[in-house]
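Q: Taken in order, these protein sequences are the chains called H and Z.
First residue of the first sequence? That's 1 in the working numbering, and the numbers climb one at a time after it.
First residue of the second sequence? That's 1 in the working numbering, and the numbers climb one at a time after it.
Honestly, the hints are just simulated from the structure, not real lab data.
Check each hint, because a few of them may be wrong.
Some chain H residues close to chain Z (C-beta under 7 Å, calculated; not the full set) [what the hints assert, rightly or not]:
id: 1; residue: Met53
id: 2; residue: Phe64
id: 3; residue: Ala67
id: 4; residue: Ala107
id: 5; residue: Val170
id: 6; residue: Leu210
Keep in mind that this is a model prediction, so the values were computed, not measured.
Each residue gets a CB set at the ideal place from its N, CA and C atoms; glycine is no exception.
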Amino acid sequence: MKGWMGKFKVLSLLGFVALFLSACGKENLTALDPKGYGAEKSLDLIILPTVIMSFVFLVVMVIFTIALVRFRKRKGREDFIPKQVEGNKTLETVWTIIPILLIIIIAVPTVWYTFVLADKADAKDHINIGVTGNQYWWHFNYDGMDIQTSQDLYIPVGEKVYLNMLSSDVIHSFWVPTLSGKLDVNPENENTFYIEAYEEGVYWGKCAELCGPSHSLMDFKIVAVSKTEFEQWVADMQSVDPEAVPDNEMAAQGRELFQENNCIGCHAIGSSPVAVGPNLTDFGNRTKLAGVKDMTKENIVAWLLNPEKIKPGNKMTGAYPKLSEEDASLIAEYLMQLKPSEITTEDAGK
Amino acid sequence: MSTAIAQKRSFAAVLWDYLTTVDHKKIGKLYLYGGGFFFLLGGIEAMIIRIQLIKPENDFISAGLYNEMITMHGTTMIFFAAMPLLLGLMNAVMPLQIGARDVAFPFVNALGFWLFLFGGIMLNVSWLTGAPDAGWTGYAPLSTLSPGHGVDYYVLGLQISGAGTLMGGINFLVTIVNMRAPGMTFMRMPLFSWTTFVASVLILFAFPALTVGLFLMMFDRMFGSAFFDVALGGNSIIWQHLFWIFGHPEVYILILPAFGIFSEIFATFSKKRLFGYTAMVFATILIAFLGFMVWAHHMFTVGMGPVANSIFAVATMAIAVPTGIKIFNWLLTLWGGNITINSAMLWSLAFIPSFTIGGMTGVMVATSVADYQYHDTYFVIAHFHYVIVGGTVFGILAALHYWWPLMFNRILNEKLGKLAFWTFFIGFHLTFFIQHFLGLMGMPRRYWVFLKNQELDLGNLISSIGAFFMAFGVIVFVINAIYSGIKGKPAPHDPWDARTLEWAVATPVPHYNFKQLPLVRGLDPLWIEKTEGNGKLTPAEPIGDIHMPNGSILPFIMSVGFFIAGLGFIYHMDNNLAYILLFGGMALALVCMLIRSLKDDHGYHIHKEELEREAD
Chain H
1 MKGWMGKFKV LSLLGFVALF LSACGKENLT ALDPKGYGAE KSLDLIILPT VIMSFVFLVV
61 MVIFTIALVR FRKRKGREDF IPKQVEGNKT LETVWTIIPI LLIIIIAVPT VWYTFVLADK
121 ADAKDHINIG VTGNQYWWHF NYDGMDIQTS QDLYIPVGEK VYLNMLSSDV IHSFWVPTLS
181 GKLDVNPENE NTFYIEAYEE GVYWGKCAEL CGPSHSLMDF KIVAVSKTEF EQWVADMQSV
241 DPEAVPDNEM AAQGRELFQE NNCIGCHAIG SSPVAVGPNL TDFGNRTKLA GVKDMTKENI
301 VAWLLNPEKI KPGNKMTGAY PKLSEEDASL IAEYLMQLKP SEITTEDAGK
Chain Z
1 MSTAIAQKRS FAAVLWDYLT TVDHKKIGKL YLYGGGFFFL LGGIEAMIIR IQLIKPENDF
61 ISAGLYNEMI TMHGTTMIFF AAMPLLLGLM NAVMPLQIGA RDVAFPFVNA LGFWLFLFGG
121 IMLNVSWLTG APDAGWTGYA PLSTLSPGHG VDYYVLGLQI SGAGTLMGGI NFLVTIVNMR
181 APGMTFMRMP LFSWTTFVAS VLILFAFPAL TVGLFLMMFD RMFGSAFFDV ALGGNSIIWQ
241 HLFWIFGHPE VYILILPAFG IFSEIFATFS KKRLFGYTAM VFATILIAFL GFMVWAHHMF
301 TVGMGPVANS IFAVATMAIA VPTGIKIFNW LLTLWGGNIT INSAMLWSLA FIPSFTIGGM
361 TGVMVATSVA DYQYHDTYFV IAHFHYVIVG GTVFGILAAL HYWWPLMFNR ILNEKLGKLA
421 FWTFFIGFHL TFFIQHFLGL MGMPRRYWVF LKNQELDLGN LISSIGAFFM AFGVIVFVIN
481 AIYSGIKGKP APHDPWDART LEWAVATPVP HYNFKQLPLV RGLDPLWIEK TEGNGKLTPA
541 EPIGDIHMPN GSILPFIMSV GFFIAGLGFI YHMDNNLAYI LLFGGMALAL VCMLIRSLKD
601 DHGYHIHKEE LEREAD
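Bound-form chain H, shown alone (with noise of 0.2 Å):
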């Protein structure tokens, strides 16, 4: 039994550690291979624990294993009464004192980069966007410049970019694992913390607090580009003229039909600060549909059919006119070629 538990235990501790060393998770979203700011700094605060407590739990199996081995029950000693050792006050002292000095050890840093995380004193030397959170999708506004758009969020590399969040319905939180940690969305008092992206990628968000039945659906991009794409991608964005009628002809129809549904009363074509619904500026650009599927004629049609599907509890359900597959068809045509900029993700390295 012992000897099986042994080889057990050998094994399934190799397994895991293979499976650790195999795959720290998927690049662009795992928060163990970082490539920002504040996900550096957690990641170092993540290692200093892991070591001084794996340590610790050395230290304790150690003691445990002996004590097990040593001291059961054998054979010729059934009936041995141990002396009745009430305690030691020099051990006790011992492992009071140094869990004390590894907390201190552990304790210090962490004060100090709570504090280093939580400076906002330069917030007005950078770009500051604002962030609404909503069941389930994400709004972004860049102040000052006249952009608005959702769901996928260009930022140029190497730079703070600070963004100040707030949400329209419940909680959500806003988590980027590979670029920063996480941080509440609320109904009230408006959060505010900076990303800082190294590199250029497309950099996968997710809703961290549970906000109703498609909690798990809600995520979104961080796409970081170069400081001239991010340049020419802003120059692009606010010269877009909401009112162009596309040269395709099935786009075109398709346009008329987004005006007579009135789907321009909940989604904002440009500027406009309407954000009842997702901004569609760039919707042709976009990462992913809805944030989770990919980025296909079909699966748009398959959404304005029915939105419920692919996720319950979202608000476009029964707030539209029911449209027929072509109608449907139309409009995603339309929507599809809503490419105001030539920069996109293919721009972010991937």
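With chain H held as given, fit chain Z onto it using these hints.
A: Frame of chain H; chain Z shown alone:
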């Protein structure tokens, strides 16, 4: 003797006996049955969650039902499984351990149980119309905006059972302060009684915060107030503070009694006195004290600012020190002993590595800057299951094996016990260890689905497989309990060669516990008498009449009244007829209170002669 009589009685008579009982031993059993039932229910909910997450983008259950499942799993396991199982053990054992004939207020004790049971039924009735879906933490405004009546059931179920728990806590406090046997000073009290005492203090101070929070939520949902409604000038964050001011001490209400259980078992099966008894007692008190000033570590990402985050981070880390002291004291209790390893001891030994991992990750999540990553991910799920399963559930199972002979006069089967242990233990680590990594790899908690191609598939699959092992272990334990009840032979007196007073009473335990209250000469009084005396406790009084309380059906009816009134509160918004339930239920409860207050009930006496006859 008493069981022999019970066997001859009809089913109806036994049922009536349990409905009206005020005997702490029977109430303890009722708590175990009730808590055990809800534990199985919460376990089924857990299995459904793990089946849903066995593969990416699974559609085993719908998103709405999934949220109901996680809410009910958490609420059921914390409030209606772990707590009542511990309260059951406290009821069954603590009065015997301190040498008392019952708790201070037997009637209130029964009332506490029935309120818990009807609170639990209330919560689960919600399955018929839609269960609560805002998480067991019920954060506003998700909970206040939640459609249907699910959250109303949550609020009233917890309110009713919370009143019962509060009564239980006060009752234990009064019992321990006033009813210890002669010579049983505070510093001679066994650790399980000590942790019962400290957990009761925690209940006394922590539950009112929950009660207040639940009332505010009840008013918001049912009577149009706006405590948590930002649009009308309320504040949604206040709920989180109220919830966690209760919620964090709650964690210690769950773990401290388990610490007490392990202290008893390690000492007994190592044949040694608990190492560093005084340090253990003060560590318990210190943990409880610090436990009240760390609640906001559940809220590091709320945006409280660096000052609050730092204070709560450091205060939380400080708890690791007394907890570490306890771990090392247990190790040194084993050291130099003569260790017997049986089922009770296996659960206790397995607690050491499991809980140490939970404690390690506890310090890790206390590190606020790192918690910005851990928070609300599977890392936290892993952490608190390591603490609550690896600590509390292991503790409860160890205690059941250890005290089964005392409570049910049988010894649980060792083979089945070991099978249950190994499958559950392996399953537990399979399920939860990998979740630490899932969290850091980007899997938030309370996710109905995880997407394909995010490298989360393997970890979730392993976790779900582990859950099946755990379920198997639980089933084996239940079979063991039933099997030993049917086939098992009566347990011998003091089967473990134990050290504390509960093993000094006659077997099976008479309903008056001690014929003569014992004189306690030191810590581990039974051990002292075994090694220095004749193995029997010296009586502290001559044989005399014993005053016993009468049974009463009033606690049961009173709880039914509150249950009916609760339904009235929930449905008065839909239908005016529900006011009949509301006022009718309240009237029923109040009439019971009136009867209890106005009708004198002096109890009865077991006469000296009767006791002397039984001695033969």
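Q: If you check each hint against the structure, which ones fail?
A: The structure breaks none of the hints.
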